[in-house]
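Engineer: Residue numbers (this note's numbering), protein chains in the order written: chain Y, 146 to 431; chain V, 4 to 125; chain S, -4 to 287.
Simulated from the structure, these hints should not be mistaken for lab results. Quick caveat: nothing in here was measured; it's all calculated off a predicted structure. Quick reminder that beta carbons are idealized off the backbone N, C-alpha and C, glycines included. Take the hints with a grain of salt, since some may be wrong.
[As the list claims (entries may be wrong)] Now the in silico label distances, taken between C-beta atoms and shown as ranges:
{"hint": "1", "chain 1": "V", "residue 1": "42", "chain 2": "S", "residue 2": "254", "range": "14 to 24 Å"}
{"hint": "2", "chain 1": "Y", "residue 1": "172", "chain 2": "S", "residue 2": "254", "range": "23 to 33 Å"}
{"hint": "3", "chain 1": "Y", "residue 1": "219", "chain 2": "S", "residue 2": "81", "range": "49 to 59 Å"}
{"hint": "4", "chain 1": "V", "residue 1": "114", "chain 2": "S", "residue 2": "72", "range": "24 to 34 Å"}
{"hint": "5", "chain 1": "Y", "residue 1": "249", "chain 2": "S", "residue 2": "207", "range": "50 to 60 Å"}
{"hint": "6", "chain 1": "Y", "residue 1": "377", "chain 2": "S", "residue 2": "72", "range": "40 to 50 Å"}
[Claimed, not checked] Derived lysine to aspartate or glutamate pairs resembling DMTMM-like cross-links, with alpha carbons at most 20 Å apart:
{"hint": "7", "chain 1": "Y", "residue 1": "202", "chain 2": "S", "residue 2": "77"}
{"hint": "8", "chain 1": "S", "residue 1": "209", "chain 2": "V", "residue 2": "43"}
{"hint": "9", "chain 1": "V", "residue 1": "80", "chain 2": "Y", "residue 2": "237"}
{"hint": "10", "chain 1": "V", "residue 1": "80", "chain 2": "Y", "residue 2": "365"}
{"hint": "11", "chain 1": "V", "residue 1": "80", "chain 2": "Y", "residue 2": "231"}
{"hint": "12", "chain 1": "Y", "residue 1": "354", "chain 2": "S", "residue 2": "180"}
{"hint": "13", "chain 1": "Y", "residue 1": "292", "chain 2": "S", "residue 2": "233"}
{"hint": "14", "chain 1": "V", "residue 1": "91", "chain 2": "S", "residue 2": "88"}
{"hint": "15", "chain 1": "V", "residue 1": "88", "chain 2": "Y", "residue 2": "231"}
{"hint": "16", "chain 1": "V", "residue 1": "80", "chain 2": "Y", "residue 2": "208"}
{"hint": "17", "chain 1": "Y", "residue 1": "216", "chain 2": "S", "residue 2": "99"}
{"hint": "18", "chain 1": "S", "residue 1": "250", "chain 2": "Y", "residue 2": "237"}
{"hint": "19", "chain 1": "Y", "residue 1": "292", "chain 2": "Y", "residue 2": "208"}
{"hint": "20", "chain 1": "Y", "residue 1": "216", "chain 2": "V", "residue 2": "63"}
{"hint": "21", "chain 1": "S", "residue 1": "133", "chain 2": "Y", "residue 2": "365"}
{"hint": "22", "chain 1": "Y", "residue 1": "202", "chain 2": "S", "residue 2": "72"}
{"hint": "23", "chain 1": "S", "residue 1": "148", "chain 2": "V", "residue 2": "43"}
{"hint": "24", "chain 1": "S", "residue 1": "250", "chain 2": "Y", "residue 2": "347"}
{"hint": "25", "chain 1": "Y", "residue 1": "354", "chain 2": "Y", "residue 2": "378"}
{"hint": "26", "chain 1": "S", "residue 1": "148", "chain 2": "V", "residue 2": "11"}
{"hint": "27", "chain 1": "S", "residue 1": "209", "chain 2": "V", "residue 2": "113"}
{"hint": "28", "chain 1": "S", "residue 1": "209", "chain 2": "S", "residue 2": "260"}
{"hint": "29", "chain 1": "Y", "residue 1": "299", "chain 2": "S", "residue 2": "77"}
{"hint": "30", "chain 1": "Y", "residue 1": "190", "chain 2": "S", "residue 2": "72"}
{"hint": "31", "chain 1": "S", "residue 1": "209", "chain 2": "S", "residue 2": "233"}
{"hint": "32", "chain 1": "Y", "residue 1": "350", "chain 2": "S", "residue 2": "88"}
{"hint": "33", "chain 1": "V", "residue 1": "80", "chain 2": "Y", "residue 2": "238"}
{"hint": "34", "chain 1": "Y", "residue 1": "421", "chain 2": "Y", "residue 2": "378"}
[What the hints assert, rightly or not] Chain S is nowhere near these chain Y residues, computed Cβ spacing over 12 Å in every case:
{"hint": "35", "residue": "231"}
{"hint": "36", "residue": "235"}
{"hint": "37", "residue": "327"}
If you want the building blocks of each chain, they are given just below.
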Amino acid sequence: MRIAVLSGKGGTGKTLVSVNLAAAAQDAVYIDCDVEEPNGHLFFKPQHVQEEEITSKVPVVDDTYCNGCRKCVDFCRFNALAYTNDRLIVFDEICHSCGGCVMLCPEKALTEQDKVIGKVQRGMSGSLKIHTGILNTGEASGVPIIKNLLAGIKDIPHSTVVIDCPPGSACIVMESIRDADYCLLVAEPTLFGVHNLAMVYDLVKLFDKPFGVVLNKCLEGENPAEVFCLDRDIKILSRIPFSNDLGLLTSNAEIAVRKDEKYKEVFSSLLDVVIKEVHCEATPHP
Amino acid sequence: MKIAIPVDEKDLGTNVCVSFGRAPYFLIYETETEESTFIDNSALTNPGGAGIKAAQIMVDNQVSALLTPRCGENASKVLQSAGIKIFKTTSASVKENIDASKDGTLPLLEDIHAGFHGHGGD
Amino acid sequence: MKQLLILSGKGGTGKTTIASAFIKLSRVRAYADCDVDAPNLHLIARWNAAPKVTDYYGLPKAVIDCERCIACDQCRESCRFDAIFVEDGYEVDPFACEGCGVCEYICPVGAMTMEPDVAGELMLYSDAENVFSTAKLKMGSGTSGLLVTEVKKEMKAAATDVELAIIDGSPGIGCPVIASLSGVDMVLIVAEPSVSGISDMERIINTAERFRTKIVVCINKYDTNIEHTESIEEFCKERGLPLLGRIPFDSDAVKAINNGQSIVEIDCASGRAVRAVYEKAMKSLFAQKNTL
C-alpha cells in the first residue's frame, strides 16, 4: 500500500506525518521525494547507507564531424546549444535530455553522455527502509530522481510505503503521487494553509486518488481547514493538536512515535484508519 | 564595427534595458556609418536559456561589442567564444553609452552573474 | 528602485507573514509574490479592485491529429518523458509533456504539432498609489522561472517612481527561486530553528551566494528551540551574514493572519520584533552603493 503525504503549503507537517506514520508501521519503506529540500533522513539518521548517482543524458559533440549546419541549435527549444567560432557549445544545466539534437544531426556528430544531477540514498532505520532523493543545487529538474525512487518500490513486497512529497502542486508533486494508492493531505489551520490545501485537493481529484485530510497544529477556536473539509464532505482522518512538546521533538528531528507513547498511539490509529480507507476504496462500488 | 545594446523600446531616446537575455529589442549600431537598426529579441518569451539565445543572436548579427548593465555566465560563455567584448553601461541613456563607447571610456563588464535556469516545462 | 527579496529554503518559516508586515511598515508602493506555485500574499494584500489578468504561456505541448495518425509508434518510442500513451488511439499526457518537439520532428505524417499552452496567469493589481504583481501557475505545470521573471517585470513596469519593492519568494532552491534572485539588491533569509529548517537554510544560502547579492538573516519562532537558534547565530557569524533579529513564536500572529491582517496591524510580540528587523533591513538595504 502506497501512501503519499502532501500539503500544498510548506511547513504544515508533511514530514512530521510521513516520518511518524512510517515509524508507526511495521516493515515499512519511507521515501523522501522532496528532492530539493529532503528532510526525512534528518529524523531517521539511516544506517548502512548505499548511494546511487542519478544521471541525465546530455549531448556531446564530435568536432571532426560537426559542419556547423546549426540544425541542432535551431531545434533546441530550451536554448541549450549555441554555435560560435566554428564550435558547438552545449549547456548541460539547461539541457532537458530530450535527445532531439542527437536524433536530427545529419552528420551524426552528436552522441549522449551521462551527467550527474543528484543522488538516491538507501539505508535502514530499525526495520524501516529509508530512501532519500537529493537534487544537486543548480539543477533544474528533480523528476528523474523521483522516477528512480518510485521505480524502486514496485518490486518490494512491503505492506506500507510512505511517500513524503514536495510542497506545492507542480509537476514534481504529480510525479510523486502518480503511483500512490492513497493521498494524505496535511493541513494547518491558517488562511494560507487552507488556500494551498485547496490546490492539492484539486490535484488529487484530478488524478482520481482516494484521499483524506490530517488537520495538524490544531488550536482552539474555528479551524478554517476543518471548515473547508466539512463544507466539501472531505474525510478528516486525524486531528493533531498544536503542542509545544511535539514542536520541540520535531525541531530536534526526533521521531515522536519513538519518544512518546501518546504519539505512537496517534500515528498508529492514523495508519489503521488509512488502511481501512484503502480497503474500502478497493471494494467495488455498485 | 557593430555594437549592440539591449533596449526597452525601438527608439534611440529609449533606456538601456536592465536585462540582456530578456530585453525586448536590441539596438545594433554601426560605428562606421553611424546607422542604427533595431531587432527583436526572439529569446524574450523562451522559458529558458534566454541569455544563450540572445548571445547567439549577437553572434549571428556579427556584433563586435555588447554594451549591457548585466550579463549571465551562460550568455558570457557564448559571447567570449565568439570574441565579442562585453562592456558595462554606465547610465540608462542609450546615446550616452554609445558616445562613451566611441570615446573608449566604457569599462569592461567584469561582474558576470550565475545562470538563472529560468526555464519551465519540467 | 531597490528590491528586497524574502526567501527561506524551507516552507512554512514565515516568509509571507514577514513580507506582509514589511509591506505594511514601509507603506511600500510596489510588491510582488513570486511564489507562483502557491501564492498567498494576495490573501493579506486586500485589494478591492480586480487585477489585470494576462495569460502566461510556457513551453508548447504536443497535440496529436488522430485523423492523420498512422499508429507507427515512433512518437511514443522516442518520447523521453513518457508523455505519449495509447488508449483510445494515441494520446499526449499534457502534464508529462515537456514541449521538446522530438515527436513533431519524428512523425512521418505530420500528425503531431506543438501548440501554445497556457501554463498560468499573471495578475497585476494597481491603482494611483500602489502596484501588486502576482501569478498562479496552473496545476501540474513545470515550475517556471520565466513566470517569476514576468511577475517582477510587470511590477517594475507599473511602478515607475518607486524607491522600494518587496518580493515574497518561494520555498526550495529551484528555478523559481533562482529567477526571483535576479536583479534584487538584498535577500532576507527567514530561518526556522529546527534541524530541517537549518538544513534547508544552508542550501538556500549556498544557492543565493552564487548571485553575490547581499544576504541578511532573521530567525522566526526563535523561542521554539533556543539551542537551534544559537546554532543559526553561530552559523551566520561564521559565514559573515548579518543577523537582523529574532522573532518569537506568537499565537496572536496566527489570529491576525487568519483575519487577513498583517502582524504589525495588531499589538503583538511578533509584530514588535518584526518592526525591529525591518528597521535594520532598511538601514542595510539603503546603505548600499548603487551598482547600476
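Engineer: Evaluate each hint against the coordinates.
Structural biologist: Here's how the hints hold up against the structure:
{"no.": "1", "hint": "V:42 - S:254: 14 to 24 Å", "result": "violated (52 Å)"}
{"no.": "2", "hint": "Y:172 - S:254: 23 to 33 Å", "result": "violated (46 Å)"}
{"no.": "3", "hint": "Y:219 - S:81: 49 to 59 Å", "result": "violated (31 Å)"}
{"no.": "4", "hint": "V:114 - S:72: 24 to 34 Å", "result": "violated (46 Å)"}
{"no.": "5", "hint": "Y:249 - S:207: 50 to 60 Å", "result": "violated (39 Å)"}
{"no.": "6", "hint": "Y:377 - S:72: 40 to 50 Å", "result": "holds (42 Å)"}
{"no.": "7", "hint": "Y:202 - S:77", "result": "holds (15 Å)"}
{"no.": "8", "hint": "S:209 - V:43", "result": "violated (33 Å)"}
{"no.": "9", "hint": "V:80 - Y:237", "result": "holds (13 Å)"}
{"no.": "10", "hint": "V:80 - Y:365", "result": "violated (58 Å)"}
{"no.": "11", "hint": "V:80 - Y:231", "result": "holds (14 Å)"}
{"no.": "12", "hint": "Y:354 - S:180", "result": "violated (44 Å)"}
{"no.": "13", "hint": "Y:292 - S:233", "result": "violated (38 Å)"}
{"no.": "14", "hint": "V:91 - S:88", "result": "violated (45 Å)"}
{"no.": "15", "hint": "V:88 - Y:231", "result": "holds (18 Å)"}
{"no.": "16", "hint": "V:80 - Y:208", "result": "holds (18 Å)"}
{"no.": "17", "hint": "Y:216 - S:99", "result": "holds (15 Å)"}
{"no.": "18", "hint": "S:250 - Y:237", "result": "violated (47 Å)"}
{"no.": "19", "hint": "Y:292 - Y:208", "result": "violated (34 Å)"}
{"no.": "20", "hint": "Y:216 - V:63", "result": "holds (14 Å)"}
{"no.": "21", "hint": "S:133 - Y:365", "result": "violated (34 Å)"}
{"no.": "22", "hint": "Y:202 - S:72", "result": "holds (16 Å)"}
{"no.": "23", "hint": "S:148 - V:43", "result": "holds (18 Å)"}
{"no.": "24", "hint": "S:250 - Y:347", "result": "violated (27 Å)"}
{"no.": "25", "hint": "Y:354 - Y:378", "result": "holds (15 Å)"}
{"no.": "26", "hint": "S:148 - V:11", "result": "holds (12 Å)"}
{"no.": "27", "hint": "S:209 - V:113", "result": "holds (18 Å)"}
{"no.": "28", "hint": "S:209 - S:260", "result": "violated (29 Å)"}
{"no.": "29", "hint": "Y:299 - S:77", "result": "holds (17 Å)"}
{"no.": "30", "hint": "Y:190 - S:72", "result": "violated (41 Å)"}
{"no.": "31", "hint": "S:209 - S:233", "result": "holds (16 Å)"}
{"no.": "32", "hint": "Y:350 - S:88", "result": "holds (17 Å)"}
{"no.": "33", "hint": "V:80 - Y:238", "result": "holds (14 Å)"}
{"no.": "34", "hint": "Y:421 - Y:378", "result": "holds (18 Å)"}
{"no.": "35", "hint": "231", "result": "holds (25 Å)"}
{"no.": "36", "hint": "235", "result": "holds (15 Å)"}
{"no.": "37", "hint": "327", "result": "holds (20 Å)"}
Violation of the numbered hints given earlier is confined to hints 1, 2, 3, 4, 5, 8, 10, 12, 13, 14, 18, 19, 21, 24, 28, 30; the remaining hints are satisfied by the structure.
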